[in-house]
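*Asks:* The residues making up each chain are set out below.
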Amino acid sequence: MGLKALAGPDVANKIEKRFPGAIVEIQPAGIVVKSQSAADVMRFLKESPDLDFNYLNSVTAADYFDYFEVVYHLTSMSRKHTFCVKTRAFGRENPTVPSVTHLWQGADLQEREVYDLMGIRFSGHPNLKRIALWEGFKGHPLRRDYL
Amino acid sequence: MPSYDQLILPYSSSDADREEGRMIEELIARSQKPIPDPDQWLAGVDHGNIVLTTVDQVLGWARSKSLWPMLFGLACCAFEMMAAAGNRWDISRFGMEIFRPSPRQADMMIVAGTLTWKMAPAVRRLYDQMAEPKWVLAMGACAISGGTFSESYSVVPGVNRIIPVDVYVPGCPPRPEGLYHGLMELHKKIQRGDSLKGKLHLPRLD
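Just so you know, the protein sequences line up as chains A and B, in that order. Numbered by this note's numbering, the letters in the first sequence go through residues 44 to 190 in order. Numbered by this note's numbering, the letters in the second sequence go through residues 685 to 890 in order.
Note that these hints are calculated values from the structure, not bench results. We put the CB at the ideal spot given by N, CA and C, even for glycine. It cannot be assumed that every hint is accurate.
As the list claims (entries may be wrong) - If we take Cβ atoms under 8 Å as the criterion, some of the chain A residues that face chain B in the derived model are:
#, residue
1, 167
2, 170
3, 177
4, 184
As the list claims (entries may be wrong) - For each label pair, taking beta carbons as the anchor points, the in silico distance ranges come out as:
#, chain 1, residue 1, chain 2, residue 2, range
5, A, 112, B, 859, 55 to 65 Å
6, B, 772, A, 50, 49 to 59 Å
7, B, 697, A, 120, 32 to 42 Å
8, A, 135, B, 713, 36 to 46 Å
9, B, 859, A, 137, 48 to 58 Å
10, B, 772, A, 95, 43 to 53 Å
Based on the provided sequences and hints, a complete structural model is requested.
*Replies:* Encoded structure:
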């Protein structure tokens, strides 16, 4: 038992071979990928047999003023390892990253929550609307410039 | 296994969402001030008519001995409410063990926990659906005033913005003993027999 957290550089090597230039930054326990190639990288992480990330733990986001960072925590039930993928969305008006609901259905509600509270759009999401707050609520309250 | 596109997902319709949003906005606009507490009983009401008073007292005694609470918990205070209903504190000593899952059969509402604006129309609707006479007990700091979250964008700053409250039980959360004290006070209030007097008529929530 016990899950092994994969090192960022190891996974980055595999991704770099398949998608050159997709990685923005390599961190000790994760990678930051370009939002344009995020959908392809996530599909690769899910479908390549030696990584086999068949479970999405969480989708969440952070606001760094200059950009939003969407964070995905992945786990492989078969390989017993975990990994963290991040992608950045720029702009305060209409930051967009691709949805991963077609890969992991569990992302559906969490992406809606991120959209609701952070205002990040997930292109390709089948039902992107507010979930915790109500229709007509002004603003996105977890943004750092909300108040 | 069907693909994601083939699944029929339980999405609410956009019309329903807009309707809900409109209802919440309307409720917020109406709830800028708290509803005054129905606390005329504190003054020690004298009913004048001796016969009616006696009947009222008998009715009040009967009502107070078998209050049926409405079964719902909004947040962590609900666990103290469950503990109060469990065998250690044993709410059935007071004829109250029947937590009703239907507002039609309940006499009192224990608002146990943080009330969010998203939940507010549902709580208001449940209150409206309860049959008279009915009482409300606000349990815990969040139900009294919003507590820690009183300045939050999403939390109702006290359930007395939405429905009139008879008894407030402070605590975060209050222990079952605290809840019992509030219930005893409510029993006293009911035994005064003036439950039907001075009832507020809340505006309809369409």
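*Asks:* Look at each hint and say if it fits the structure.
*Replies:* Results of checking the hints against the structure:
Hint on residue 167/A is violated. Least Cβ distance to chain B is approximately 11 Å, over the 8 Å limit. For residue 170/A, the interface hint holds, the least distance from its beta-carbon to any beta-carbon of chain B being 5 Å, beneath 8 Å. This hint holds: residue 177/A has a C-beta 4 Å from the nearest C-beta of chain B, less than the 8 Å allowed. Restraint check, residue 184/A versus chain B: the minimum CB separation of about 5 Å is within 8 Å; hint holds.
Restraint check, residue 112/A to residue 859/B: a C-beta distance of roughly 43 Å breaks the suggested window 55 to 65 Å. Between residue 772/B and residue 50/A the beta carbons are some 51 Å apart, a value that agrees with the proposed interval 49 to 59 Å. Checked against the given bound of 32 to 42 Å, the beta carbons of residue 697/B and residue 120/A, roughly 35 Å apart, stay inside it. A hinted range of 36 to 46 Å for the beta carbons of residue 135/A and residue 713/B is inconsistent with their spacing of about 29 Å.
Taking the beta carbon of each, residue 859/B and residue 137/A are about 50 Å apart, inside 48 to 58 Å as hinted. The hinted range of 43 to 53 Å is satisfied by residue 772/B and residue 95/A, whose Cβ atoms lie roughly 49 Å apart.
Checked against the numbered hints given earlier, the structure breaks hints 1, 5 and 8 and satisfies all the rest.
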